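Quick note, the sequences are listed as chains A, B, C and D, same order.
The first sequence lines up with residues 374 to 668 when you count with this note's numbering.
The second sequence lines up with residues 374 to 668 when you count with this note's numbering.
The third sequence lines up with residues 374 to 668 when you count with this note's numbering.
The fourth sequence lines up with residues 374 to 668 when you count with this note's numbering.
All clues given are correct.
All copies of an identical chain are treated as equivalent in the list; a pair is satisfied when it fits inside any one copy or across any two copies.
Below, simulated SDA-like cross-link-like pairs (lysine to any residue); rule was C-alpha separation at most 20 Å, straight line:
id	residue 1	residue 2
1	Lys480	Tyr576
2	Lys480	Val521
3	Lys427	Asp546
4	Lys480	His398
5	Lys427	Trp593
6	Lys480	Gly496
In short, the hints are calculated from the structure, not lab data.
Since the structure is predicted, the reported quantities are computational estimates derived from the model, not experimental observations.
Number of protein chains: 4
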Amino acid sequence: MTEHSSGDAVLGPNRYGKAETRVVHIDRRADGDVLTDLNVSIALSGDLTDSHLKGDNAHVLPTDTQKNTVYAFARDGVGAPETFAMRLARHFVATQAPITAAVVDVKGFGWERLAAHSFRRAGTEVRTARVEHDARGTLVVSGLRDLVVLNTTDSEFAGFATDRYTTLAPTADRVLATAIDARWRCAAEAEADADADGWDGRYVRVRDCLLAAFTGTYSWALQQTLFAMGARVIAEVPEVVEVRLALPNRHHVLVDLTPFGLDNPNAVYSAPDRPYGLIEAAVLRAGTVADPRPW
Amino acid sequence: MTEHSSGDAVLGPNRYGKAETRVVHIDRRADGDVLTDLNVSIALSGDLTDSHLKGDNAHVLPTDTQKNTVYAFARDGVGAPETFAMRLARHFVATQAPITAAVVDVKGFGWERLAAHSFRRAGTEVRTARVEHDARGTLVVSGLRDLVVLNTTDSEFAGFATDRYTTLAPTADRVLATAIDARWRCAAEAEADADADGWDGRYVRVRDCLLAAFTGTYSWALQQTLFAMGARVIAEVPEVVEVRLALPNRHHVLVDLTPFGLDNPNAVYSAPDRPYGLIEAAVLRAGTVADPRPW
Amino acid sequence: MTEHSSGDAVLGPNRYGKAETRVVHIDRRADGDVLTDLNVSIALSGDLTDSHLKGDNAHVLPTDTQKNTVYAFARDGVGAPETFAMRLARHFVATQAPITAAVVDVKGFGWERLAAHSFRRAGTEVRTARVEHDARGTLVVSGLRDLVVLNTTDSEFAGFATDRYTTLAPTADRVLATAIDARWRCAAEAEADADADGWDGRYVRVRDCLLAAFTGTYSWALQQTLFAMGARVIAEVPEVVEVRLALPNRHHVLVDLTPFGLDNPNAVYSAPDRPYGLIEAAVLRAGTVADPRPW
Amino acid sequence: MTEHSSGDAVLGPNRYGKAETRVVHIDRRADGDVLTDLNVSIALSGDLTDSHLKGDNAHVLPTDTQKNTVYAFARDGVGAPETFAMRLARHFVATQAPITAAVVDVKGFGWERLAAHSFRRAGTEVRTARVEHDARGTLVVSGLRDLVVLNTTDSEFAGFATDRYTTLAPTADRVLATAIDARWRCAAEAEADADADGWDGRYVRVRDCLLAAFTGTYSWALQQTLFAMGARVIAEVPEVVEVRLALPNRHHVLVDLTPFGLDNPNAVYSAPDRPYGLIEAAVLRAGTVADPRPW
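Could you build the full structure based on these sequences and the hints that come with them?
And the structure:
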């Protein structure tokens, strides 16, 4: 039996941390409060073998401490989710010798200001940031989730492969609806970080591209719409080199009203919850190698 | 054994129907599409004893038929959720002799138009309508849910009752956050119905009152804020006679940063999911008797 | 302006309390631990006008205190959910002069003992108890939710009413599936309470009746199955006088495999999430008047 | 512009498929029905460039067809989730020339038989299977999720690292609770597949090991309990070579009752939903290389 095993069992890749610490920060400014509402999840890895094999926790900074650190670091302001995630990830690796890598995932919930001191939750959309930091460097992935959009027309689906199990009829005019899940990374995170306000501005620009491409693309396939969305980001946000999109195809089914003596001129649809299609792809800037990690 | 019983068991109040039929309607207008997205739940009651006691379904219009009716009725347009719920409720009572009462509950999901044919889901807020129709008449209740709001200051909580289990300290400055659940009814539903567009306009006016009162009230208790919200509606929307509000108190807890050598000048909060306070009250126009039914 | 109004607005029925306090109690016995896992929601009403109209909280026992009370009362054991709810409801009315009525709702989560000190969560089923206490007395409602059951056969649905919107074909053999939501009350709660263990035993007896009737009834309608379930409780649990059941009809749709050259001998079903039927009824012991309150 | 790009944008890794097709199969046997209840998600990849870049769907088998295939394949019985997932994954790769890889994820919901034709949903636990199939071979991953367990004692947490943000006190006796998420793979999937019943038997043996190790391990850290769980599987289920565990630490916090003049002899706990610890690790059979893919 070595330090890494017990009988025939050997410890493989491992990590631990505090998940879903919700922190709300209020920056009380003369021209109106700024509200930041985050959910922070931390995962640390390194030399944690003794905790697993012997229950020796000398290398284990408690997850409770990680939670405290989130709150303490928010004291002087949070900034962009990417910035906050980087501060945290670098802190744990820098200060805990056994910890060699940190992953920090942040969800940001949007609030719209109604008055100097009043806010309204601004939609279903969630902004995300993920930082992976180790000796090799820092990966920063920005993103958004649950941005729900729908086109009432300008979407076809035809010319597809068929087999003995195919019953779907081609359609020249369908509703196309999805909940955008997009993540992207930049070429040089260090530079991007130089401008603390850069993350927020870039978020708006990427989001605008995604919406404009979804809205403006005549679609023959959700795959094509997806690629158009990623390509628009690549074309218009020069620092982004990789975009990953996951788009559920939220089917809207034209209801057959003929049993009731009625036509249905693309007016009435049902919208079943499940099953749904799921289209996933990365779009890369020419010359870029896809990051090998799952985000 | 009578028709209503089996041994010592007697059938009491009962109802049945199709719940959660999701219907999406697109009104394709020259000046841009109008998208209506509803979730409709129906409950019918009447002479249904034989179905319960004998399994004789002669009086039971299948819930599948109710679903079909929702789709068929949407063919020529949906209108306000209240209007659609009234059409459905009256239809079942008018056309099925054994059915003497219908309750139709509608949830409406908001979409914001991005382009002539493109939409974005517009927030967490859900619009609701409930119609109860029987021989005595028609009750129409309008409402909204999950309108999440937060004030960063101008909220105190002090001077409260205490007992041996009280540990809460009074506070002169706290965050006040809630998810507004409001329902309201008008004095004369029939008249209100005369103007098909009236429901939509009134919805906006009531919602504006709720937000204005939440935002503008200096609060010594969430109860006081709640009453101010209802009173604002009564004051400014003359046709409304009863408002019911249910406001969860979504606690934001100032984090104690002193163990880390830091102060916390009302900047950093945790926001636990549970438990939460729940404040519920009706606000009535003077001279109005509270409706005895639960909505 | 009176104490109860502001302008034309008058305060109607109101209540407040702490919702969803989760308390876990461990009774460490020589023969193995007993684990009780509850979610407790409290709603108090009484003379709370000044809090709403003036923000004067002298009559308001903080919801935080209510939470503390839950924990303190659990110190010496929790007992049946009904017992715990009664203790809490009576405490608030007895000790807070302005409070004249209390409603306490409890959810109990089941755990199965694996070893003297080890447990496993025992299914999706939730036990419920609701106590309404005021000067007129105490209503105790026991219940269960999310007990999911399915019969693969012995269920028909035919002979139903039809109209121009009916497309459903009658069926002589269908799957019948539901998630049982049942609540019941006894004739004399005070007596029932005399035997602290009585609630737990009755819960098992009622649950057994519900399952036996669901399993053993040849069904021509879910209404008929529902009534059989309630009637079985009335027949076999003499202290119960009223049972309320809400049974979603979780449709299982036989998939048409003929496009693939296959028959489907009642073997393959889809199971859409929504819409679903919802059947609700009370079953009363002969001579009992239905309780007028919603539970 | 090449086939793979549009301007500077290049298509990266991509896949598509039908997610969450729910299929229920009833095997009507003389000795009682067997109910299988699955949720199937399919993701296909291969030569799908033209769909993304040109909207040319000639290589796209519709996700609707994938759904149909799930139902058609269930006609003659489903078997173990692993077996069903393998049949589906191999089918798509074998019959659609452009498709070179398939991932099929299955969730299985457990039902306990109450009578010959009657069933009850058997707990919160979900059985999982994942098959990844391409020209290199077939990976089969078995698993379970949401198996919620709790030890009332025999758990310590002390001797941990500290820093300026640490406030947690060491404890010699705490509640340890988690929701087991476990996935495992065997050495030779082809052989394992030879015995169609093997998957079900192995599932039971692995599950028993996980529960026995959780229950029987005196814990100094959840990491140590996790490793003991994986090591037990490695020791007792010889065909398993890799186990991955993700264990949320569902904190149970001893409530301070001293403000109420009460002690708390490890009796009363609160159980906040969030945040929670999350401990993740792989446990490998000696000599095994960890699979590089995320499962």
